[in-house]
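Taken in order, these protein sequences are the chains called A and B. Sequential numbering of the first sequence, starting at 4, is according to our numbering. Sequential numbering of the second sequence, starting at 4, is according to our numbering.
I should point out that these hints are in silico values taken from the structure, not numbers from a laboratory. Just to be clear, a hint being listed does not mean it is correct.
Note that the list lumps identical chains together, so a pair holds whenever it fits in one copy or between two copies.
Below, in silico cross-link-like pairs of lysine-lysine (DSS-like), each with a Cα-Cα straight-line distance of 30 angstroms or less [to be verified]:
(1) Lys82 x Lys200
(2) Lys219 x Lys122
(3) Lys219 x Lys175
(4) Lys368 x Lys122
(5) Lys368 x Lys328
(6) Lys82 x Lys274
(7) Lys175 x Lys368
(8) Lys219 x Lys82
(9) Lys274 x Lys328
(10) Lys328 x Lys175
Remember, it's a predicted structure, so these values are computed and weren't measured experimentally.
2 protein chains.
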Amino acid sequence: MLTASDRTTLQIVSCVQPNGDLEVSLASVPIPRPGPSEVVLRIEAAPINPSDLILLLAGADAGQLAAGGSPERPVLTGKVRSAAALQARFGQSIPVGNEGAGTVVEAGSAPEAQALLGKTVAVATGSAMFAEYRVVHAALCLVLNPGSTAIDGASACINPLTALGFIETMRKEGHTALANTAAASNLGQMLVRICLKDGIPLVNVVRTAEQAAILKGMGASYVCNSSEPSFLADLTEAFASTGTTIAFDAIGGGRMAGDLLACMEAALNRKATSYSRYGSPTHKQVYIYGGLDTAPTQLVRTFGLAWGLGGWLMTPFLQSLEPAKVVALRRRIADELTTTFASPHARQVSLAEALRLPAVTEYAKRATGSKYVIVPSR
Amino acid sequence: MLTASDRTTLQIVSCVQPNGDLEVSLASVPIPRPGPSEVVLRIEAAPINPSDLILLLAGADAGQLAAGGSPERPVLTGKVRSAAALQARFGQSIPVGNEGAGTVVEAGSAPEAQALLGKTVAVATGSAMFAEYRVVHAALCLVLNPGSTAIDGASACINPLTALGFIETMRKEGHTALANTAAASNLGQMLVRICLKDGIPLVNVVRTAEQAAILKGMGASYVCNSSEPSFLADLTEAFASTGTTIAFDAIGGGRMAGDLLACMEAALNRKATSYSRYGSPTHKQVYIYGGLDTAPTQLVRTFGLAWGLGGWLMTPFLQSLEPAKVVALRRRIADELTTTFASPHARQVSLAEALRLPAVTEYAKRATGSKYVIVPSR
Chain A
4 MLTASDRTTL QIVSCVQPNG DLEVSLASVP IPRPGPSEVV LRIEAAPINP SDLILLLAGA
64 DAGQLAAGGS PERPVLTGKV RSAAALQARF GQSIPVGNEG AGTVVEAGSA PEAQALLGKT
124 VAVATGSAMF AEYRVVHAAL CLVLNPGSTA IDGASACINP LTALGFIETM RKEGHTALAN
184 TAAASNLGQM LVRICLKDGI PLVNVVRTAE QAAILKGMGA SYVCNSSEPS FLADLTEAFA
244 STGTTIAFDA IGGGRMAGDL LACMEAALNR KATSYSRYGS PTHKQVYIYG GLDTAPTQLV
304 RTFGLAWGLG GWLMTPFLQS LEPAKVVALR RRIADELTTT FASPHARQVS LAEALRLPAV
364 TEYAKRATGS KYVIVPSR
Chain B
4 MLTASDRTTL QIVSCVQPNG DLEVSLASVP IPRPGPSEVV LRIEAAPINP SDLILLLAGA
64 DAGQLAAGGS PERPVLTGKV RSAAALQARF GQSIPVGNEG AGTVVEAGSA PEAQALLGKT
124 VAVATGSAMF AEYRVVHAAL CLVLNPGSTA IDGASACINP LTALGFIETM RKEGHTALAN
184 TAAASNLGQM LVRICLKDGI PLVNVVRTAE QAAILKGMGA SYVCNSSEPS FLADLTEAFA
244 STGTTIAFDA IGGGRMAGDL LACMEAALNR KATSYSRYGS PTHKQVYIYG GLDTAPTQLV
304 RTFGLAWGLG GWLMTPFLQS LEPAKVVALR RRIADELTTT FASPHARQVS LAEALRLPAV
364 TEYAKRATGS KYVIVPSR
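Next comes chain A alone, as it looks inside the complex:
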């Protein structure tokens, strides 16, 4: 229970000035009293996801950041590359952190809030989770099963719901197999485990032989390495074998999205019995859900006219599903938290350590296996 005299929390905030100066620091802010349907969560683990970096570093070059301030109150400074696009956040100290897990230490009067008291829960709020405490709505909380720790549940929301969201999108749009790029990521490995378990054909695109070996070792059937000269032929072959007509692309920039569409088209045309000047009539879809490559997307349009490309974001997609479906997906995550949905975290850091070099430079790389989790009590 929080005392009346000490109702403050440290939180990581990020601020961009009109001149492009970026400052990331720790702010001490009051913890509000929870509303009737709200609870106060003591955050015990919060992962640093690529989506957090957008807000945290605002597109500043991580290699050019400077660490200063005091040991207890470190301050990270840098320059953003394109201030104009950030106009809407100029001068605001924005609290960062999309998800995490911890213990409910205070609850509002409503039964659904009271029921959570003392429970270990995971939550994705989309903001202010890089903090010691946060007030959250009871309905957002996913109660972890007995035996699951906050570290187990730190990443229980975003990656698991994203991976399951890919599969639900595939089904909703009438496809029976899917592809994923940057497939050796935490999310990618989770998707491999889900698809193996559920018997869904999955084509994995990676960029090194080491990443291919990791996925093959997990039992993945289709792994295509974009660094191989045979990549496009391999991808076409995998699409033809699986009937894949939807792909999720974490890269975004360069030729990948167009290559995915072109290889789907080539695989479909193998079965064509007559020439169609408009290409295969089967709809081919690619969703860009990340931006590992921030360069422009280049589409060499050799895939007919039955195609779509778009952005994909988990929260609005889930909102388009039946609420009961979302409840079932979340229940499955809790039940398979340490198996299908396990997220190995590479390094634990405190709130202050997350603002120091070289930790920042490391997690900003968003490289396979270099994931960090913030443990405020450290």
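Since the structure of chain A is already known, use the hints to place chain B on it.
Showing chain B alone in chain A's frame:
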């Protein structure tokens, strides 16, 4: 009535060999007896549309074509740029011509076929309309109103249904205004007339001051010239004024599609009350329906994650509508054939003349106002 002894028709056919040789010529083929629900159409006017050029010239450089053969049987020869993509049509003489109009001179036994005897009808078959005669299904025929000629009705199907299809797509996907590029084209001018008549806000993108003047002269409210230095600001302003969140792009290559999305996003963000790292939550859509620029599509992704880009083709879109809706659209076209849906044809050529220089070079330019219509009786 066709005589029993002369049941042949000339038709324009296009053939690509595995070595990339293209040959376009006139073939003499038998006219089959119509089935019960079919009719024989004497084609009196058939326009040469950009979509016909895909099949006719197979991507060969129109400037490098050679004209030969005899005056009655001219032969056009050339080299296609990318033979590999055309494998499915190697060695086949493909009859060309998507749409046209003429008189029904013979009919099958079914009442719906008999009812068409002697009528002037327009039809889009998707093939073999560059001919003297063609057997077509009665259900495809749009009976022109008394007083409308075959020349009036030659382009009554593809452009009018495409323009109306844009508006139906806009409505179906929940938008209230739309944009179109290459807006001074026949199709673009038709869209201007429809939108003026129906009170739908339309943003027109053109690339010269002359084209802008044409549309302004027709009464278009929003015309943005992509050659102006203020183009992106003008487009953003027009999108903000009209609330446009869907665009149809005939260009395809280069930055246009991405610029449309970026300007929609900029217009939406003017009204944003807080910063969202994922961009505006309002879905922004661009459909590519042509390929005036065959270069790769370049997307500089500064438009958040709520966006879509895709190919758009009239026939499958119409098939997704209620049949009664399609009947109503076709009826409207017949009723407004010489007003809203008028297509000025620049030049009339015979079947043979269509295979001679410089006619081929002219219509292959697909330039505003350089449209040709084939009149087989010439």
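Hint check:
For a Cα distance limit of 30 angstroms, the shortest separation of Lys82 from Lys200 qualifies neither inside one copy, at 45 angstroms, nor across copies, at 52 angstroms. For the identical chains of this complex, Lys219 and Lys122 are neighbours neither inside a copy (38 angstroms) nor across copies (67 angstroms), given an alpha-carbon limit of 30 angstroms. With identical chains, the CA atoms of Lys219 and Lys175 are at most 30 angstroms apart within one copy only, with a shortest distance of 28 angstroms there and 44 angstroms across copies. For the homomeric pair Lys368 and Lys122, neither the shortest alpha-carbon distance inside one copy (34 angstroms) nor that between copies (71 angstroms) is at most 30 angstroms.
Within a single copy, Lys368 and Lys328 get their C-alpha atoms no closer than 35 angstroms, and across copies no closer than 53 angstroms, so neither meets the 30 angstroms cut-off. Only between protomers do Lys82 and Lys274 lie at most 30 angstroms apart by alpha-carbon distance; the minimum there is 27 angstroms, versus 53 angstroms within a single protomer. In this assembly of identical chains, the alpha carbons of Lys175 and Lys368 never lie at most 30 angstroms apart, being 34 angstroms within a copy and 42 angstroms across copies at closest. Taking identical chains as interchangeable, the C-alpha atoms of Lys219 and Lys82 are never at most 30 angstroms apart, the minima being 41 angstroms within one chain and 45 angstroms between chains.
Neither within a single protomer nor between protomers do Lys274 and Lys328 lie at most 30 angstroms apart by alpha-carbon distance, with minima of 36 angstroms and 33 angstroms respectively. Taking identical chains as interchangeable, the C-alpha atoms of Lys328 and Lys175 lie at most 30 angstroms apart whether they share a chain (12 angstroms) or sit on different chains (26 angstroms).
The earlier numbered hints that this structure contradicts are 1, 2, 4, 5, 7, 8 and 9.
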